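Chains as they are written, first to last, in our numbering: chain A, 7 to 511; chain B, 104 to 452.
Note that these hints are calculated values from the structure, not bench results. Here the structure is a predicted model, which means the values were calculated and not measured. Careful: at least some of the hints might be erroneous.
[Unchecked claim] Computed Cβ-Cβ distance ranges for the label pairs, DEER-style:
hint	chain 1	residue 1	chain 2	residue 2	range
1	A	SER331	B	ILE397	29 to 39 Å
2	A	PRO399	B	ILE131	37 to 47 Å
3	B	THR320	A	LEU261	37 to 47 Å
4	B	ILE307	A	ALA176	50 to 60 Å
[Unchecked claim] Under the rule of at most 27 Å between Cα atoms (straight-line distance), these lysine-lysine pairs were calculated in the DSSO-like manner:
hint	chain 1	residue 1	chain 2	residue 2
5	A	LYS385	B	LYS319
6	B	LYS185	B	LYS370
7	A	LYS73	A	LYS224
8	A	LYS385	B	LYS271
9	B	LYS349	B	LYS318
Ideal Cβ positions, reconstructed from N, Cα and C, are used throughout, including at glycine.
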Amino acid sequence: MSSPVLRLSGITKRFGPLVANDAISFDLARGEVVALLGENGAGKTTLMNILFGHYVADEGVVEAFGKALPPGDPHAALEAGIGMVHQHFTLADNMTVLENIALGTQKLNAWRLDRTGARERIEKMSFDFGLAVDPMATVGSLSVGERQRVEILKALYRNAKILILDEPTAVLTPVETDALFATLKLLVAQGLSIIFISHKLNEVMAVSDRVLVLRSGKLSGERVTAETNRSELAALMVGQEVEPPPVPPVAPGELQFVLNSVSTARRASGTALDRTTLSLRGGEITGLAGVSGNGQATLAALIAGTEVPTAGEIIIRGTAARDWSPRAALGAGIGRIPEDRHAVGTIGDMSVTENVIAERYRSPRFSRRGFLDWRAARKFAEQVIADYDVKCPSPEARIRLLSGGNMQKLILGRAFDEEPSVILANQPTRGLDVGAVSYVHRKLLEARGRGAAILLISEDLEEIMALSDRIIVMSKGHLSAASARGERTIAQLGELMAGHGVEAA
Amino acid sequence: MRLEPKTAPSLIVTLLYPVAAILVTFAITALLVLAAGASPFSVFFLVWKGAAGSQFALLETLTRATPLIFTGLAVAVAFRAKLWNIGAEAQLYIGAVVTVVLGTGALPLPSFILIPVIMVAAMAAGALLLLGPAILKTRFGVDEVVTTLLLNFIVLLFVSMLLEGVLKDPMGMGWPQSSRVIAEAQLPRIVQGRRLHYGFVIAIVSAVIIWIIMKKTALGYEMRAVGHNPQAASFAGIPVNRVLMKTALLSGGIAALAGFSEVSGLKGNLTLDLSPGYGYTGIVVAMLAMLNPIGVVVSAIFVAGIFVGADAMSRTAGVPSYIADVMVATSLLTMVVALLFTRYRLRWK
C-alpha cells in the first residue's frame with residue numbers, strides 16, 4: 007500500500023453526554039473500498055459528517071492526501087476531492103440532470119451554463135462508469151436508482167477522488183444494487199477510493215476490501231473482507247451472535263381480511279390496482295415480495311385506509327367494509343406499520359406521548375368529552391417504552407430525536423397495542439440495525455402466534471423467505487399465485503419479480 | 104459564515120435571547136431618533152411614560168391591546184395548524200358589520216341577551232368568511248395566503264358600499280358611517296371616565312379558552328398534529344381536512360370578535376377607519392408570542408404600548424410617531440433572529 011489518501015486520527019465527537027465518536031482512527035488507501043459497518047446510532051453518519059466538514063470534531067484530525075483539512079468546512083473537503091452521496095438525496099426535482107450536476111460548479115457571474123461542454127463530460131462519465139442516465143431528463147421524472155446515479159455523477163463531476171456513500175442501497179432494488187456494485191468496481195479500477203457505509207452484512211461482504219466495524223461510537227473491529235465472514239462481522243456489530251428467528255408451526259385460522267377484486271384510481275404517479283384479490287388468514291404471515299414501484303405502495307395504502315377502492319370489496323371477517331378510511335381501518339382492527347416512519351409513521355416535532363396516542367386519542371381511554379387525558383396518555387407512552395425496550399430520554403422528548411430503531415419500536419407498540427387481528431407490515435425492518443431487525447421479527451412472529459393475519463411487504467427476499475408461511479410476488483400491479491414456505495426457490499421468486507409468469511388476472 | 108445546529112439550548116440562553124432582541128431593537132431605533140435630532144433616552148422615556156407612566160396611559164394601552172389580542176389569537180390558532188390566515192382584517196370588519204346590523208335597534212332585547220347574541224352572530228360571520236378560503240384550499244389546493252389576503256380588500260370595499268348605502272347613518276351629515284349601536288348593545292367601561300371596556304376582559308378570557316383548547320383538548324392536539332405533519336396525521340386517522348375547517352371556523356370567529364369589541368366597546372359605530380390594520384398587526388403579535396395564546400396577550404400589550412407611547416411622545420418630543428411602526432417591525436425581525444440563535448450557533452469561517 008502506498009501512502010493513504012485519507013487519514014482520520016483520534017476523531018472524537020460528543021453531543022452533550024453522548025459520545026457519538028470515540029477516538030476513531032483509520033486510513034484509506036488509493037483504489038480501496040472500505041466498508042463502514044455498524045448499527046443505526048453507532049456513529050457512522052456522524053463520523054462521515056465530520057469527515058465532510060458538516061460537523062466539527064471535538065478532538066482529532068482529518069488529513070486528505072497528506073494535508074490536514076480545516077474542520078467544519080465542506081468546501082475544503084470538496085476541494086480536497088472528497089465527494090459524498092447522502093442517504094437522502096440533495097437534488098432539485100424540477101431541474102434537469104445536467105443542471106443539477108453542473109449547479110455550483112460554474113462561476114456565479116457566468117452568464118449562462120456551458121451546456122454542451124457539461125453534457126459531453128457527463129455523457130463520457132456515465133459511459134465510462136456504467137452510470138446510465140439521460141442528462142436532459144428532469145430529476146423529478148427519474149427513479150430512485152437513477153437519482154442516486156446523478157448524485158454519484160455530481161461528485162465525480164467535481165473531480166472527487168474519495169467517494170463516501172451513506173447507506174447507498176437502502177433505497178435500491180436488488181437489480182439496481184448489483185448495477186451500483188459494478189459501478190463501484192469500475193471507479194476503484196480508475197484509482198478512486200470509496201467509503202461504503204452500510205449495516206447490511208451481505209453487501210459489505212460483496213463490495214468491500216476492508217471492513218471497519220463501529221459499535222456505540224467506538225471502532226470495535228477492523229477486518230480484511232476476504233478473511234472474515236458474516237457471523238464474525240455481525241458479532242462485532244452487535245456484540246453477540248445473531249440467529250435467524252425460529253418460526254414455530256401455527257395452524258392457519260379463519261379468513262380475517264379479503265380484498266375481493268379491488269381496483270384503485272389511476273394517478274399520474276404510482277401503480278394502480280386492477281381487480282386485485284388477496285386473502286389473509288389468522289396465524290399466517292403472507293409475504294409480499296417484489297421490486298418496489300410495482301404497486302406495493304398502493305396495496306399498502308389501500309389496507310391502511312389512505313387509499314379507497316373504486317371497485318370491488320374489502321371484507322373484514324366476513325363483513326364488507328363501507329366508507330374506507332384510516333379510521334375505518336383502525337376500527338376494523340388493522341394494525342399498520344408504514345413504510346416511511348419519518349414522514350408517515352411519526353410526527354417528528356411532537357413528543358413520544360403525543361405520537362403513541364395518535365391512532366387512538368379519540369377513544370374513551372385517552373379522552374373525555376373532547377378533553378385529552380394526558381395522564382393516561384403518558385402512562386401509555388411509558389408502558390410502550392418499557393414493553394418495547396425503547397431508548398428515549400423521556401416521554402416528553404420529541405420523537406425526531408430517536409434513532410430509527412427506537413422510532414420503529416414505538417410504532418410497533420402503537421400498532422400492536424390492542425392486539426390487532428390484521429397486521430400490515432410495510433418494509434418493517436428497512437434501515438434498521440441487526441438488533442432491531444430481529445426484535446421486529448420476533449414481535450411479528452408473536453402476533454402470528456396469537457392468531458393475527460399478517461401481510462409482510464418487503465424488498466428483502468431473505469426476510470420474506472425466513473418469515474412467511476406463504477409468499478406472493480407483486481409485479482406491475484398484479485399478484486402471483488401464493489406459494490407455501492419453501493415451495494419456490496430464490497431463483498423462481500426472482501423470475502416472478504422480474505414479471506415472468508405473473509398472470510395479468 | 105454558517106449556522107451549526109445546537110444540540111441542547113439551555114434555558115438561560117432561551118430566555119436571554121429575547122431580552123437581547125429587545126435591546127437590539129432599541130439600539131436600532133435609537134439611531135433613527137438621533138437622525139430625527141432628538142435624544143434617544145428622552146424619547147424612550149417619553150414612550151414609556153406615554154404607554155405606562157400613568158393610570159390613564161396604562162388603560163389606554165390596554166384599550167389599544169384589546170383588538171390586537173383577538174386578531175393575534177386568530178392568527179396564532181390558524182398558523183398552529185399551518186392555515187395561513189392573512190385575512191383577520193376582513194374578519195374583523197365582518198364582525199363589526201354584524202354588530203352594527205344587530206345592535207342598532209333591530210333586536211329590542213335586554214343587554215345580557217343582546218350582547219351574547221351579537222357575539223355569536225359576529226363570530227359566525229367571521230367563521231364563515233374564513234371557511235370559503237379553507238374549502239378552496241382543501242378541495243382545490245388554492246393558496247389561502249392569496250385568497251384571505253385579497254378578501255381583505257373585497258370586504259373593505261363591501262363595507263364601504265354598505266356605509267354609503269343601507270348602513271349609512273341618516274343623521275350622519277353625509278359621512279360614510281353607520282348609526283350608533285343602542286345602549287343595550289354596548290359593552291360597559293371597566294373604569295368610569297376611561298376608555299377601557301369589557302372587551303378587554305372578553306379578550307383575556309378568549310386567550311385562556313384558546314390556551315385550554317390548544318393544550319387540553321383533542322381538537323388542539325389535532326390542530327398541532329396537522330400543522331406539524333399532515334401526512335402522518337392523516338395516516339394516524341386524523342381527519343386533516345375537517346380539522347382545517349374547524350381551525351378556520353375558530354380563527355375567523357375570534358378575529359370577528361375584534362370588530363365586535365371595537366364597535367360595541369369603544370367606537371359605538373362603524374366607519375372605514377375602524378381598524379388601522381389590527382388584522383395585519385395581529386400577525387406580528389402572534390409571531391412575537393411564538394403562537395402561544397397567553398404570549399399573545401403579553402405581546403399585544405407590548406405592541407399596543409409602543410403605539411400608544413409613541414403617539415404621546417411625538418406630541419411632546421416632535422419625533423414622528425411612525426417610529427412606533429419601525430420599533431414593532433424591528434422587534435419582530437430581531438425576535439426571529441433571536442429564535443434562530445437559540446437553535447443555531449454562528450460559525451465564522
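Hints not upheld, ascending by number: 6 and 8
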